[in-house]
Amino acid sequence: CHPILFLRMMERVKAGAKLIVVDPRRNATAAKADLYLRIRPGTDLALLNGLLHLLVENGHTDPAFIAEHTEGWEQMPAFLRDYPPAVVAEITGIPEDDIRQAARWIGEAGEWMSCWTMGLNQSTHGTWNTNALINLHLATGAICRPGSGPFSLTGQPNAMGGREMGYMGPGLPGQRSVLSDEDRAFTE
Numbered sequence: 001c002h003p004i005l006f007l008r009m010m011e012r013v014k015a016g017a018k019l020i021v022v023d024p025r026r027n028a029t030a031a032k033a034d035l036y037l038r039i040r041p042g043t044d045l046a047l048l049n050g051l052l053h054l055l056v057e058n059g060h061t062d063p064a065f066i067a068e069h070t071e072g073w074e075q076m077p078a079f080l081r082d083y084p085p086a087v088v089a090e091i092t093g094i095p096e097d098d099i100r101q102a103a104r105w106i107g108e109a110g111e112w113m114s115c116w117t118m119g120l121n122q123s124t125h126g127t128w129n130t131n132a133l134i135n136l137h138l139a140t141g142a143i144c145r146p147g148s149g150p151f152s153l154t155g156q157p158n159a160m161g162g163r164e165m166g167y168m169g170p171g172l173p174g175q176r177s178v179l180s181d182e183d184r185a186f187t188e
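Heads up: the sequence shown begins at 1 in the working numbering, then just goes up one per residue.
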């Protein structure tokens, strides 16, 4: 549902990047993936915590970044003990070897990015899911630098652009409101 982003991602794949797709449905994006993880609906959190378990186990973390930019990391290893690959495979329905491969590619990538749409966010565990995904970036130091970072995408490719341009409801460009005297004065 994001054609421009998809085309840019395919350019990176042609240049050697690996594409991992996590989705309960085999779709057009999954067909282009180097690794397709067909996940049971509602089990994203287990997968994300399981990937972090493997990143820690395999030494694919950035201790200096963690020390400088995170809090509470010392509690993470004990928490992650509940997410060994065999347990995560059973919960998610994803083969253990595929989970290990995904963690290996993430850990060895250096620079990597994640993109997700509303399926991850709009669930009973949406906040936890997003936090767990961002934890992968924080653990590897792959955030706030070129070529890396987590990207939450709106459900429709131009929904955010439309809101920024002010075409929706009482909106003005830049998330301003026509109902606000100050916002109207700013845009006039």
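Treat the hints with caution; some may be incorrect.
Here are the simulated EDC-like pairs of lysine to aspartate or glutamate, each with C-alpha atoms no more than 20 Å apart in a straight line [to be verified]:
1. K18 x E108
2. K18 x D82
3. K14 x D97
Restraint ranges, calculated between C-beta atoms of paired labels, are given here [as the list claims (entries may be wrong)]:
4. D181 x P77: 20 to 30 Å
5. P95 x G16: 43 to 53 Å
6. R26 x E188: 45 to 55 Å
7. T154 x A86: 29 to 39 Å
8. M10 x P77: 22 to 32 Å
Source of the hints: derived by calculation from the structure; they are not laboratory data. Keep in mind that this is a model prediction, so the values were computed, not measured. For every residue, glycine included, the Cβ atom is placed at its ideal position computed from N, Cα and C.
Hint by hint, here is what the structure shows:
1. K18 x E108: holds (11 Å)
2. K18 x D82: violated (28 Å)
3. K14 x D97: violated (24 Å)
4. D181 x P77: 20 to 30 Å: For D181 and P77 the Cβ distance comes to about 54 Å; the hint is violated.
5. P95 x G16: 43 to 53 Å: Since the Cβ atoms of P95 and G16 sit about 25 Å apart, the hinted range of 43 to 53 Å is violated.
6. R26 x E188: 45 to 55 Å: Check passed, 51 Å falls within 45 to 55 Å.
7. T154 x A86: 29 to 39 Å: holds (36 Å)
8. M10 x P77: 22 to 32 Å: violated (37 Å)
Checked against the numbered hints above, the structure violates hints 2, 3, 4, 5, 8; every other hint is satisfied.
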